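Chemist: The residues making up each chain are set out below.
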Amino acid sequence: MDDAARLLQLVVNGAASGCIYGLIAFGFVLIYKATEMVNFAQGDIMMLGAFVAYSFIHQFGLNYWVGFGLAILVTALFGFLLDAIVLRRVIGQPQFAVVMLTLGLAFIFRAGAGLAWTYDSVGFNTPFTNKTVNLGGLVLGQDNVSILVGTLVLCGVLYLFFSRTRLGVAMQAASQNQLAAYYMGIPVRRIFSLIWAISAGVAAVAAVLLAPVSMIDVNMGFLGIKAFAAAVLGGFGSIPGAVIGGVIVGVVEQLSGYFLPPGFQDVTSNIVLLAVLILRPEGLFGKTIRKRV
Amino acid sequence: MSETLLKVSNIETFYGPIQAIRGVSIEVKQGSIVTVLGANGAGKTTILRTISGVLDAERGEVSFQGQDIGGLTPDRVMRQGICHSPEGREIFPFLSVAENLMMGSFTRSDKDEIARDLEMCYGYFPRLKERAAQRAGQLSGGEQQMLAISRALMGRPKLLLLDEPSLGLSPLLVTQIFEIVKRINRERGVAILLVEQNAHIALKTADYGYVLEVGRIVMEDSCAALMEKDDIKEFYLGQKDSGARGHRRWKKKKLWR
Ligand SMILES: Nc1ncnc2c1ncn2[C@@H]1O[C@H](COP(=O)(O)OP(=O)(O)OP(=O)(O)O)[C@@H](O)[C@H]1O
Ligand SMILES: [Mg+2]
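These protein sequences, in sequence, are chains A and B.
When we follow my numbering, the leftmost residue of the first sequence carries the number 1, and every step to the right adds one.
When we follow my numbering, the leftmost residue of the second sequence carries the number 1, and every step to the right adds one.
No lab work stands behind these hints: they were computed from the structure.
The structure displayed is predicted, hence computed values, not measured ones.
You may find that some hints are simply not true.
Derived coverage of chain A by chain B (criterion: at least 3 residues anywhere in the stretch with Cβ under 8 Å from a Cβ of chain B; other residues may be distant) [to be verified]: (1) 254–261; (2) 270–279.
Reference listing, derived: stretches of chain B covered by chain A, where coverage requires no fewer than 3 residues with Cβ under 8 Å from a Cβ of chain A [to be verified]: (3) 88–94; (4) 102–115.
Note that beta-carbon positions come from the ideal geometry of N, C-alpha and C, so glycine has one too.
Could you put together the complete structure from these sequences and hints?
Modeler: So this is what it looks like as structure tokens:
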């Protein structure tokens, strides 16, 4: 009985951190599908989002929800400008150039955040910090539950946006056939910048959701590596796959931390990544139909 | 007569160092159907791409309704009223048929009119209505062609660019599609610039035609007149025996220049 409860708690904790990986992976996949670029700075954009939220909520003392909203907006705007000013110029360059550029940007973001804010670990108070919720005898931290609920709500909103709105469908269209999208009068470049904005905004949501369980520091973006494993697990082309892949990585990580000797937990995501690449390179949800370019 | 809608003057277009178009002039009058005939690689698609703004002409001018549109990006050109049904159809494979059509009307906000145009497209091609919820990538080639034409129509074009709508279709379907092209022109007053290898059907459908060879216009006339010309009969309508072809082609080509 006790063991079962403990296990369930582990799974919930794992799923919660997995949601964060999934949201970062979402950004990887969204940008990749649209522009064929892999943005290795995605985790560090989340880190910037965390510091922006820290400024609004802790330094300026704004209400948590107001600060949350503003952090999303500011980070999304940052993503938009990042594409419009920097990344648009490397579209069509070899993959290698793009990888180097985004890795370089990640480095700059870390240094920039250290200078603009601090190299120390900081945090801010949330309505979910250090509270528990009792679900029929199962005691769970509100912090983890808020991550799960927040991710579900966000996924619902994103789903409706991409499937129901004209702009969302246009984003899909531009990702599937850029030339045809141009012929339809869709301003493809602006659409791509908006896709960067959404990816960055989602990363900011992940950052704020993560705040009650993790400190904010310049190196928190390294969890992007786990998110990358999640994206590969999901097939690197499937958006639901990325989020589900994130949850799987998170749960496996928690369980291996519990059942396996110390040290395994930190490398779980790498092992998952390797295993997927060797056993099933198209990912769990990979499509056999490749998109035409 | 009626006003000039599109005027292409002496354009020269390059793919890198390769010159594909060597000084082409074309005019499309309001409400007319104009066709450009030519063999594989003659440069027909390149002309349409240059008009659409996907390629920029190195020299020469493209003007639409009296305005220079040469430097515009393809989305801006479309907003001027030129819709393009491209070679190879280029549909959005993972969107449904209905969503593809919705993308055709992306630039418009007149909801009622959009709904009416959608019904019009479904009226022209009932097959699309049956498959409205299906992924466009799962359509047959002919159905994709219907979708590509309809999607372009959903943009309410003043000028419709059609790139080889007959490609890969059965003779029956070709006849049907060209009947609809004619109806679109008559019922909606849409001017059409039609690029074709199938000279038979193109000359029957269009009012005025140009013949393109290796990036140059070698002949232009009303379609009725073109159909009577020996060269056209021989090289494009295939009405002479093939034995004398190679030799005569050479001679005639000399005459054209
Ligand atoms: N992307 C490209 N890069 C380089 N050269 C090209 C490219 N596209 C076309 N060309 C060349 O330009 C010339 C004209 O091509 P274009 O596609 O306009 O011909 P077309 O008349 O449309 O032929 P088809 O009837 O086969 O479609 C050809 O010689 C072709 O090889
Ligand atoms: Mg062509």
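Chemist: Next step is simple, just say for each hint if it's right about the structure.
Modeler: Comparing the hints with the structure gives:
no.: 1; hint: 254–261; in the structure: violated (count 0)
no.: 2; hint: 270–279; in the structure: violated (count 0)
no.: 3; hint: 88–94; in the structure: holds (count 5)
no.: 4; hint: 102–115; in the structure: holds (count 5)
Of the numbered hints listed earlier, those contradicted by the structure are 1 and 2.
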